[in-house]
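> Go ahead and model the full structure; you've got the sequences and the hints to work with.
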Amino acid sequence: MANSMASYIKSKKRRKRISAGWVFVYTVMIALVAFTALPLVYVVCTAFKPIDELLRYPPRFFVRNPTLQNFWDLLIALSGTVVPFTRYIFNSLFTVSITVFFTVILSSMGAYALVKFKLPGTKWIFPVILAALMFSAHVTQIPTYMIVNGMGIINTYWALIIPKLASAYSFFLMKQFIEQFPNELLESSRIDGANEWTIFWKILMPSLKPAWSTLVVFSFVGNWNDYFSPLIFISSEAMKTLPLALQTISGGASIARAGATSAATFLMTMPTIIIFTIMQSKVLETMVHSGIKA
Amino acid sequence: MGNLQTAESKKWLGSDLKKTRITLSTWWNKYGIGYMFLLPFLILFLIFTVVPVVVALGTSFTNYNMLQAPRWVGINNYKLLLTDDDVFIIAIKNTFTFALISGPAGYMASFFAAWVINQLKFRKGFALAFYAPSITSGVAMSIVWLYFFSSDRYGFINNILINLGIINEPILWNMDTKTIMPVVIFISVWMSMGTGFLVFLAGLQNVPRELYEAGAMDGIKSRFQELWFLTLPLMKPQLLFGAINSIVGSIGVFDIAVSVAGIPSPNYAAHTIVAHLYDYAFIRFQMGYASGIAVILFVITFLLGRICLKVFSSKDIY
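Those protein sequence lines, which keep their order, are chains G and P. Numbering (the numbering used here) for the first sequence: 1 to 294. Numbering (the numbering used here) for the second sequence: 1 to 318.
All clues stand as given, with none of them false.
Mimicking DMTMM-like on lysine to aspartate or glutamate, the simulated pairs with C-alpha atoms at most 20 Å apart in a straight line are: (1) P:K30 with G:D192; (2) G:K116 with G:E184; (3) P:K124 with G:E285; (4) P:K30 with G:E196; (5) G:K202 with G:E179; (6) P:K121 with G:E285; (7) P:K30 with G:E187; (8) P:K30 with G:E184; (9) G:K202 with G:E187; (10) G:K293 with G:E179; (11) G:K282 with G:E179.
Worth flagging that the hints you see were computed from the coordinates, not collected in a lab.
Quick look at the structure:
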C-alpha cells in the first residue's frame with residue numbers, strides 16, 4: 001500500500017519533468033487543436049487573399065500578398081445591389097444588442113425574485129424551466145410564428161427580439177449563480193433602508209458580474225449566429241441579418257463573389273471569437289455552476 | 001335575537017375585512033416587489049415557451065393553413081406521418097443516424113479534450129482553440145468547410161486525394177447521396193465539440209486537489225483510475241448539463257444540413273426532422289401537420305433528456 005502510494009507520488013513528480021509521455025500528449029493535443037482551429041485560420045487567410053490567389057489552382061492555404069480588396073468589394077461593389085452590406089451588419093448588431101441587454105436584465109431580475117423572495121405559488125417555475133432546457137426551440141417555432149403573426153410584427157426587428165427575451169438557458173445560469181449569493185448581505189442592506197430596486201442594481205448586479213458577463217457572451221453568440229428566426233420571421237431583403245445575407249451572397253457562386261463571400265465570412269465569424277477571448281476567464285469561472293443536480 | 005346575530009356577524013365581518021386588508025398589505029410589502037421582478041420574464045416565458053408547447057399539441061390534431069379556421073382531424077396527422085409519409089421516415093432515420101454518431105462522438109471527444117487540456121500548460125490557449133469552432137456561425141462554417149469538401153478539383157480534400165493518387169475523379173462531397181450525411185456529421189462534430197467542453201473544463205477545475213491526494217492514499221494508482229473513481233462521479237451535474245445540450249443540439253440538426261446540401265437535399269439524403277418541420281410549416285403552411293412533427297420532436301428529445309436525468313442522477317453519492 002505504502003509502496004504503491006510512494007510510487008504514485010514519484011510518478012507524479014516525474015510527470016512534472018519533460019518525459020516522452022508528455023511530449024506525446026502535447027503533440028496529440030497540438031494536432032487536435034490544429035484540426036479545430038484550421039478552418040478558422042483559413043477564414044482569416046482567405047479574407048485577405050487577392051483575387052488571383054483565390055482562384056489559383058492548385059489552391060493554396062495561406063495568403064501570400066494580403067489585401068483589403070475583398071472588404072472594399074463587399075462594402076462598396078455590392079452596394080450597387082438592392083441592399084448595401086452595411087445594412088445587414090446594422091440589422092444584426094441592432095437586434096442582437098437589444099436582445100442581449102434585455103435577456104440579461106429580465107433573467108437576472110426573475111432569477112433573483114425566484115431564489116431570494118420565496119414567492120408563494122412559484123414552485124412550479126424552475127422545474128418547467130429545466131424541462132424547457134430539454135427540447136429544442138424548433139418545437140415551439142410554429143405557435144411562436146402564429147403569435148408573432150398575430151401581434152403584427154412579422155418582418156420587423158421586434159420579431160427577432162421579443163420571442164427570444166425570456167431564455168430558459170439564461171434564467172437557469174443566473175439562478176445557479178444567485179443561489180450562492182449570501183442572504184445576510186441582502187438582509188443587512190434592507191435593514192440599512194435600501195429598497196429592493198437599489199439592492200438589485202447596487203449590490204446584487206455588481207457582485208454577479210462574472211455571471212452576467214458570461215450570459216452576455218452566450219446570448220451574443222447564440223443570437224448573432226441564429227439562422228432559424230430570421231429565416232421564418234423576415235421576408236424582405238432589407239431586414240435580413242448577417243447569417244441570411246451571407247448565405248445569399250455565397251449562393252451566388254459567381255467568381256466575382258468569391259472575394260466578397262470570404263470577407264463576409266470573416267465579418268460573421270470574428271466578433272464572437274473576439275468577445276469570447278476577452279471574457280474567457282470570467283466565463284470559465286461561471287460555468288463551474290452550470291451543472292444540473294438531478 | 002336575529003338582529004343581534006346580524007350585528008354580531010357584521011362585527012365579525014368587519015374585523016375580518018380589516019384583518020385581510022392588513023395581511024394583504026404586509027403580504028404586498030413582503031412579496032409584491034418580488035412578483036414585479038419576476039413578472040416580465042414569466043409573462044414572456046409563458047407566451048413564447050409554455051403556451052407554444054400546448055398550442056403545438058392542440059394544432060397537431062387539426063388541419064390549419066393560417067387562412068381558414070383550424071379543422072379538427074383527430075390523430076389523422078400522426079397516422080399520416082408515421083404510416084404514409086416516406087420522407088418523414090427518411091428524416092427520422094437521418095436524424096437518428098446523425099444524432100447517434102455526432103452526439104456521443106462530440107460528447108466524448110470534448111470530455112477527453114477537457115480532461116487532457118486541464119492538465120496542460122498554456123491551458124487558456126488550448127481551450128480557446130478548441131472552443132472557438134462552437135461559437136462560430138453554422139452558416140459561415142459550412143461555407144468554409146465546403147471549400148475543403150468542394151466537389152471540383154479546387155476543393156482541398158479532392159486536391160490532396162488526387163495528388164496522392166487515391167482517387168482519379170473528384171468526389172462530389174455535397175451532391176453524392178452517399179457522402180452528404182458523413183460530411184454533415186463531420187462538420188457538426190467539429191462545431192459542437194466546444195459546447196460541452198467548456199462546461200467540463202470548468203467542472204474539472206472545481207474538483208478539489210486534496211481529493212486526489214486522499215485518493216492516492218486509498219490506493220488509486222493511475223490517472224485513469226483517478227478519472228473513473230474520483231473525477232467522473234464528482235462531475236455528474238456537469239456531465240448531465242453537457243449531455244442534455246448535446247441531445248438537444250443533435251436532434252435539432254438543421255442549419256448545417258441545409259447549408260451543405262440545400263433543402264430539399266438530393267434524394268433527401270440530408271433531410272432531418274427539423275427540415276421536414278420547416279418544409280411543411282413555412283414553405284407549405286400546413287401548420288397542423290407540421291405541429292405533429294414538432295410534437296414528435298418534443299417527445300423524442302424529452303424522453304432522451306429524462307433518460308439522461310436517470311443516468312446522471314447524483315442522489316446516490318455524497
